[in-house]
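Peer 1: What follows is each chain in one-letter form.
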Amino acid sequence: MSVVWGLTTSVGLADMAQVITKSNRSRGPVTGTALASREKRPFLIDLYSTAVGKKFAMAISGIALMGFVLFHMIGNLKMYLGAAELNNYAEFLKRLLYPLAPKGAVLWVFRGGLLAMLALHLHAAWSLTVLNRRARPVRYQSPRDYEVANFASRTMRYSGLIVLAFLAWHLLDLTFGVVNTVGADGTFVRSEVYANVVRSLGRWPVALFYVLANLLLGIHLRHGAWSIFQSLGWNNPRFNSWRGAFATAFAAIVVVGNISFPLAVLAGIVS
Amino acid sequence: MTQLKDLTLKVWRQSGADNPGYFETHKVETVSDEASFLEMLDQLNERLIGEGKEAIVFDHDCREGICGTCSLMINGRAHGPQRATTTCQLHMRTFNSGDEIVIEPWRAAAFPIIKDLMVDRSSFDRIVEAGGFITAPTGGAPDANLILVPKPVADAAMDSAACIGCGACVAACPNGAANLFTGAKIAHLNVLPQGQSERYKRAEAMVMAMDDQFGSCTNHGECSAACPKEISLDVIATMNSDFRKSKSKNRKALSRS
Chain V
8 MSVVWGLTTS VGLADMAQVI TKSNRSRGPV TGTALASREK RPFLIDLYST AVGKKFAMAI
68 SGIALMGFVL FHMIGNLKMY LGAAELNNYA EFLKRLLYPL APKGAVLWVF RGGLLAMLAL
128 HLHAAWSLTV LNRRARPVRY QSPRDYEVAN FASRTMRYSG LIVLAFLAWH LLDLTFGVVN
188 TVGADGTFVR SEVYANVVRS LGRWPVALFY VLANLLLGIH LRHGAWSIFQ SLGWNNPRFN
248 SWRGAFATAF AAIVVVGNIS FPLAVLAGIV S
Chain B
105 MTQLKDLTLK VWRQSGADNP GYFETHKVET VSDEASFLEM LDQLNERLIG EGKEAIVFDH
165 DCREGICGTC SLMINGRAHG PQRATTTCQL HMRTFNSGDE IVIEPWRAAA FPIIKDLMVD
225 RSSFDRIVEA GGFITAPTGG APDANLILVP KPVADAAMDS AACIGCGACV AACPNGAANL
285 FTGAKIAHLN VLPQGQSERY KRAEAMVMAM DDQFGSCTNH GECSAACPKE ISLDVIATMN
345 SDFRKSKSKN RKALSRS
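Just so you know, the protein sequences line up as chains V and B, in that order. Under this note's numbering, residues 8 to 278 are what the first sequence spells out, in order. Under this note's numbering, residues 105 to 361 are what the second sequence spells out, in order.
Calculated directly from the structure, the hints in this document are not laboratory data. For every residue, glycine included, the Cβ atom is placed at its ideal position computed from N, Cα and C.
Here are the simulated DMTMM-like cross-link-like pairs (lysine to aspartate or glutamate), alpha carbons at most 20 Å apart as the crow flies:
| id | chain 1 | residue 1 | chain 2 | residue 2 |
| --- | --- | --- | --- | --- |
| 1 | B | 353 | V | 53 |
| 2 | B | 131 | B | 110 |
| 3 | B | 131 | B | 143 |
| 4 | B | 333 | B | 168 |
| 5 | B | 157 | B | 133 |
| 6 | B | 356 | V | 53 |
| 7 | B | 333 | V | 154 |
| 8 | B | 333 | B | 165 |
| 9 | B | 349 | V | 53 |
| 10 | B | 131 | B | 146 |
| 11 | B | 157 | B | 146 |
| 12 | B | 333 | B | 259 |
| 13 | B | 114 | B | 155 |
| 14 | B | 114 | V | 152 |
| 15 | V | 110 | V | 98 |
Where chain B lies over chain V, by a calculated footprint (3+ residues, C-beta under 8 Å):
| id | region |
| --- | --- |
| 16 | 49–58 |
| 17 | 61–74 |
| 18 | 132–145 |
| 19 | 227–236 |
Based on the provided sequences and hints, a complete structural model is requested.
Peer 2: Structure (structure tokens):
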């Protein structure tokens, strides 16, 4: 009896066992003893091919990006200590582990990791969105009455895209100096972090964009930080009630810190 | 007993899966506030049949909220406006005279419309089927209480087992995901001692079967809010955690065979 219900068995498994292969897996096994004999694929690629696996990728890349926004905000608080402190901090980032590692090497490792995480986050979001659209090709023809889905959860795609656009602009502004107004001597000097920030955020449309993008970032973080726990299955009655509070607190800390910078520049506290 | 008057029903009519559908408007002059929502539709159907028109097709069976056969998207909510209530247990007293009530079928690629408000939910059967069965000793009936289950564990399993498979979670989910259903089915066996031997095989097989047919979770929580049995979002986290472990554990188990 090598064929049960038209599902073939493979050598090495018990003769009665049914095997879930890709072609019949939507039919599923009818036995409790089946083990999936899949095409050999690297573990992470196999995991990422599933929707739940893509959610893990969303969560893990989200954690990395959350770490970045938090430490980026904390680092920028140095501007309240004056130009020398902030510029020194920027120099310190370049000299991480120097002279053990070449100058800027560790920073580039971080940058590479963050870019990879961002690419992963975007790819997972894109492919899950495509999957979700396909799951309901004909939409409801009457208005939905949502009970608990909130503004944050329903606008993740849009808040994420606007934050991404802000990120591109932010890099062009303060890293590449393309959209920054040039200094008194006519050139953009990247290491003059403090002067660049003051010059850029002193323009009120820029400050406004900065504030709006950070509010959207906060909304994105509020839903994202909570979702991490669900997606990774970090679920325990002892701390479940704290998951929402953690997400709110994290989003609030990052947003309040970030928004204080353009306001401080406009108010002349940082100048 | 009071009567509700002048209800306007906008009902989705569709003659088959591939045919275009449309909203049809019906007036309900008067209906008892003690009638259930389905009884109200029954009365409308009686009238339609009397007029020689085709009755509105909708799913129903036990009419006591335990079988999971009834459905209906009522005014944009799965199973209507009352929490923890199936459509058959929803009473007309929830509505007011003069209301307009919009009725649509569940909408998801995995739930093709059969006719009017009736959808095919056999994609749920595919998921349950993928879960297989549990191994249990056969032969003489074992003594009762031979396998001891701590009370909180039994309660947790029972909370998940309350799922009646009506599909409201998929219908309510903005992404058409079946994570709450699959999570409930996985959690109800995976927390019990009897479910341990196949725990990870079950988690992987059921999630894969779900993956082939439904959307993905974005943690809105609409499913749990729409669930007539109030299944908690926790079952989704449990499923995700078991799926994560299953991927590595099953790989290890396979390499031994």
